[in-house]
Amino acid sequence: MGLVTDYGKPLLENDLDSDPLRQFAAWFGEAGAAGVREPQAAALATASTDGVPSVRMVLVKAFDERGFVFFSDYASRKGRELAVNPRAALLFHWDPLGRQVRIEGPVERTSADESAAYIRTRPRSSQVSALASPQSQTIESRDELERRVADLELRYAGSELPMPSSWGGFRLTPEALEFWQQRHDRLHDRLSFRRAGEGWRVERLAP
Numbered sequence: 435m436g437l438v439t440d441y442g443k444p445l446l447e448n449d450l451d452s453d454p455l456r457q458f459a460a461w462f463g464e465a466g467a468a469g470v471r472e473p474q475a476a477a478l479a480t481a482s483t484d485g486v487p488s489v490r491m492v493l494v495k496a497f498d499e500r501g502f503v504f505f506s507d508y509a510s511r512k513g514r515e516l517a518v519n520p521r522a523a524l525l526f527h528w529d530p531l532g533r534q535v536r537i538e539g540p541v542e543r544t545s546a547d548e549s550a551a552y553i554r555t556r557p558r559s560s561q562v563s564a565l566a567s568p569q570s571q572t573i574e575s576r577d578e579l580e581r582r583v584a585d586l587e588l589r590y591a592g593s594e595l596p597m598p599s600s601w602g603g604f605r606l607t608p609e610a611l612e613f614w615q616q617r618h619d620r621l622h623d624r625l626s627f628r629r630a631g632e633g634w635r636v637e638r639l640a641p
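Each residue of the sequence shown is one higher than the last, beginning at 435 in this note's numbering.
Hints in this document: simulated from the structure, not taken from any laboratory. Be a bit skeptical, because a hint or two may be false.
What the hints assert, rightly or not - For each label pair, taking beta carbons as the anchor points, the in silico distance ranges come out as:
| hint | residue 1 | residue 2 | range |
| --- | --- | --- | --- |
| 1 | Arg521 | Ala460 | 23 to 29 Å |
| 2 | Arg576 | Arg629 | 44 to 50 Å |
| 3 | Ser575 | Leu493 | 23 to 29 Å |
| 4 | Asp619 | Thr555 | 18 to 24 Å |
| 5 | Thr572 | Gly592 | 31 to 37 Å |
Predicted model only: the values in this text are computed from it and were never measured. Cβ atoms here follow ideal geometry from the backbone N, Cα and C, with glycine treated the same way.
Let's have the full structure, built from the sequences with the hints guiding it.
See the structure below:
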């Protein structure tokens, strides 16, 4: 096994933005500039009411002071788990920079208008797939899925596709964010933001 890379960029309290969303935006921009292929990709962790966890990769399509937005089928496993246990964690990992950001908080659905506006920006083939796929349900074969796609393309040829009835967005409102910077000798930098009234409390965590 090789030695851990020293990225030579310490994460110090004086360098942090006092607003963790602005700090995230700065790191997100640096990840894109460093050539990270999909800096918006994040691992999303959810859990059932009895504590059974599940995790998968999602694409975070927007973030602002209100939170982090991703889209999925509400009938999928993550959708069902968020319906009964509406809390989640996101983890962004930007390997070329030796950085991670972990975000935790409550999750709610976006408005129907926001979901509809987003799906109209997707390629038509992606819209067809969202209609055709009963996400997380058992299907007989890939052929079945491809038949559904072909049927939908024929049925709606030349016309606008309907909005999938069980599809839409989620918004995670951050209550805690941790910024992790890889350093040499395992002495990584970890700085944590937690909600404290109207502001944020910043703490350094041991690696």
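Here's how the hints hold up against the structure:
In this structure the hint that Arg521 and Ala460 lie 23 to 29 Å apart at CB holds, the actual value being about 26 Å. Range check, Arg576 to Arg629: Cβ separation about 45 Å, and the 44 to 50 Å hint holds. The hinted range of 23 to 29 Å is satisfied by Ser575 and Leu493, whose Cβ atoms lie roughly 27 Å apart. At roughly 46 Å, the beta-carbon separation of Asp619 and Thr555 lies outside the given 18 to 24 Å, and the hint is violated.
Distance hint check: the CB atoms of Thr572 and Gly592 are about 33 Å apart, consistent with the given range 31 to 37 Å.
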